[in-house]
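Model the placement of chain B on the given structure of chain A, informed by the hints.
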Amino acid sequence: MVEYVTVTYPEKRTVFIDGEEAGFTNTTLRVDEGTHSIHLGEPRDYIPKWKRPTVTGTTSTKPMEISFEKV
Amino acid sequence: MKRYSWLLLVCVGLFFAGCAPSLRNAQLDSHDPGVGYRFKNLASPDNSDELFVILTFSGGGTRAAALSYGVLEHLAKTEVRGRDERSQRLIEEVDVISSVSGGSFTGAYYALFGERLFTDFEARFLKQNIEAKLAGQLFSPVNWARLASPTYDRIDLAADYYDENIFDRKTFGDLLQKGRRPYVLINATDMSLGSRFVFTQDQFDLLCSDLSSVPVARAVAASSAFPVLLSPITLKNYAGACGYRVPEWVGFALEDRDIAGRRFSRALETRSYLDAVNRPYIHLIDGGIADNIGLRGPLDAISSLDSAWSVLRMINREKVRRLVVIVVNAKTGPDTEWDRKEAAPGVKDVLSAVVDAPMANYSFETIELMQERFKQWTKDYQSRVDCQEILQASCPQATLPGGPLAKVDFYPIVIGFDSLSDLEESRFFKNLGTTFNLPAETIDRLREVAGRLLAQSPQFQRLLNDLRTAPD
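Chain order of the listed sequences is A and B. One point on numbering: in the numbering used here, the residue at position 63 of the first sequence is 63, and numbering is uninterrupted. Throughout, the numbering used here is defined as the position within the second sequence, counted from one, plus 71.
Honestly, I wouldn't trust all of these hints.
[Claimed, not checked] DSS-like mimics (lysine-lysine), calculated; alpha carbons at most 27 Å apart, straight line:
id, chain 1, residue 1, chain 2, residue 2
1, B, Lys-111, A, Lys-12
2, B, Lys-478, A, Lys-12
3, B, Lys-450, A, Lys-62
4, B, Lys-390, A, Lys-62
5, B, Lys-419, B, Lys-501
6, A, Lys-12, A, Lys-51
7, B, Lys-241, B, Lys-198
8, B, Lys-501, B, Lys-204
9, B, Lys-390, A, Lys-12
10, B, Lys-478, B, Lys-446
11, B, Lys-450, B, Lys-478
12, B, Lys-111, B, Lys-307
13, A, Lys-12, A, Lys-62
14, A, Lys-49, A, Lys-62
15, B, Lys-478, A, Lys-62
16, B, Lys-204, B, Lys-419
17, B, Lys-249, B, Lys-148
18, B, Lys-111, B, Lys-241
19, A, Lys-12, A, Lys-70
20, A, Lys-12, A, Lys-49
21, B, Lys-249, B, Lys-390
22, B, Lys-390, A, Lys-51
23, B, Lys-390, B, Lys-446
24, B, Lys-446, A, Lys-62
To be clear, the hints were calculated from the coordinates, so they are not data collected in a lab.
Here chain A stands alone, though its shape is the one from the complex (with noise of 0.2 Å):
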């Protein structure tokens, strides 16, 4: 089952889920049902220093939004 997520930050930034690069801040991302952890990499000019979601029941329209403060 595919999932929805938008990771929102201030500027264009590489998203890593579960360690791994996985799409851009401000995009609609697809990702696996579950449970993720998310930050930003580096540099580490953002908080929290990463997210724990678990992702179940999006949409494309209605994406799960995880949100990051520049810092």
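Just chain B now, with coordinates in the frame of chain A:
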């Protein structure tokens, strides 16, 4: 005299037992994801990621090998518009070949030798009576001594024959050194788990074993080690000896049994290889037992970020725009007299039905799963586009939650005898046996029909049309 001959044979066997070849997969001293036979370590200088082509070659002995050969022949003759408007043959765009059993001979040969396939593969394999050659090896007194060893079995004999006579003693290290796609996934079945075991360094990492020294022929032998007829191939599991770090997704997936069953199951399989105490040896049988069309691995790669060669990652990063999956399925459907007679079918017929029916049903469901996923993804993309349009019609400043979703065009192409409209012709192919010995004229017919089925496939025609008309 006869008694003494047997005694002599046993003595010779015991003599050779000590020096017979043992397990042939070496230990990996230190895990390094940057080296080894992996997708990311293969270059693609003439191959565009925008057009991503996956071929899957099913099991089915020489019948399957010839059918997949015919598809490659047709791809070699098909020109499309490639990079920089240059004309390019579609075969050069093939990124991945996932193969099982008979199909593994063609897939591995092409990955190793490229288009030399079209000059000598027929003579070396397709039109050879491989069964007679293997029987000759089995009945050769020279090999009896080797076979007397507990670490040398019938499958080793087959692997050694393929190694010497078909694959020129090439190893996965040679495949890696070639450094080019297609990435070949030779699928076997883990006998204990009943699940796929693929000859890639990513899989061998779990065993802390170095794939580069393993002969390609050995992988092909494992992939085609039909149970009972051929013995399993055994690998040593060195897990824990190389500093391997388990991928992050495994830990998460193990906690998600109730919401993501397939992911949980993959994590369990992955974890089982890390236990070298309880699984010091891994026994492999014919890849057809787990998946006779070789499509499950590619499906995982297309729809999961967890796969070591995740195509989904490439889609999310907008690298892949067109995804072509050509499934070459040599499934048969022999005529039977069972329902014309009152008497119940015999043991041989019952066994045949018990083996063939589940494999065919699983293959059918796998193909349906692929088609449904592609349709669903296309609908999901279109829903987003449609909703955005409706929203903006009433509220021009509004946007949907989330950002843009990468667009992918899918081309699922299934080549099989079911697609033949001529029933007599279909009957001919569906009654071919699963054997490594087919008449030369049958091989030629299989090659021809493969090319014809591909050319006539509506999805293949759509692909060619889109490639001719698409803007850059």
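Hints, one by one, checked against the model:
{"no.": "1", "hint": "Lys-111(B) with Lys-12(A)", "verdict": "holds (24 Å)"}
{"no.": "2", "hint": "Lys-478(B) with Lys-12(A)", "verdict": "holds (19 Å)"}
{"no.": "3", "hint": "Lys-450(B) with Lys-62(A)", "verdict": "holds (14 Å)"}
{"no.": "4", "hint": "Lys-390(B) with Lys-62(A)", "verdict": "holds (24 Å)"}
{"no.": "5", "hint": "Lys-419(B) with Lys-501(B)", "verdict": "holds (19 Å)"}
{"no.": "6", "hint": "Lys-12(A) with Lys-51(A)", "verdict": "holds (18 Å)"}
{"no.": "7", "hint": "Lys-241(B) with Lys-198(B)", "verdict": "holds (22 Å)"}
{"no.": "8", "hint": "Lys-501(B) with Lys-204(B)", "verdict": "holds (26 Å)"}
{"no.": "9", "hint": "Lys-390(B) with Lys-12(A)", "verdict": "holds (16 Å)"}
{"no.": "10", "hint": "Lys-478(B) with Lys-446(B)", "verdict": "holds (13 Å)"}
{"no.": "11", "hint": "Lys-450(B) with Lys-478(B)", "verdict": "holds (11 Å)"}
{"no.": "12", "hint": "Lys-111(B) with Lys-307(B)", "verdict": "holds (26 Å)"}
{"no.": "13", "hint": "Lys-12(A) with Lys-62(A)", "verdict": "holds (21 Å)"}
{"no.": "14", "hint": "Lys-49(A) with Lys-62(A)", "verdict": "holds (25 Å)"}
{"no.": "15", "hint": "Lys-478(B) with Lys-62(A)", "verdict": "holds (17 Å)"}
{"no.": "16", "hint": "Lys-204(B) with Lys-419(B)", "verdict": "holds (25 Å)"}
{"no.": "17", "hint": "Lys-249(B) with Lys-148(B)", "verdict": "holds (23 Å)"}
{"no.": "18", "hint": "Lys-111(B) with Lys-241(B)", "verdict": "holds (21 Å)"}
{"no.": "19", "hint": "Lys-12(A) with Lys-70(A)", "verdict": "holds (12 Å)"}
{"no.": "20", "hint": "Lys-12(A) with Lys-49(A)", "verdict": "holds (17 Å)"}
{"no.": "21", "hint": "Lys-249(B) with Lys-390(B)", "verdict": "holds (24 Å)"}
{"no.": "22", "hint": "Lys-390(B) with Lys-51(A)", "verdict": "holds (26 Å)"}
{"no.": "23", "hint": "Lys-390(B) with Lys-446(B)", "verdict": "holds (20 Å)"}
{"no.": "24", "hint": "Lys-446(B) with Lys-62(A)", "verdict": "holds (19 Å)"}
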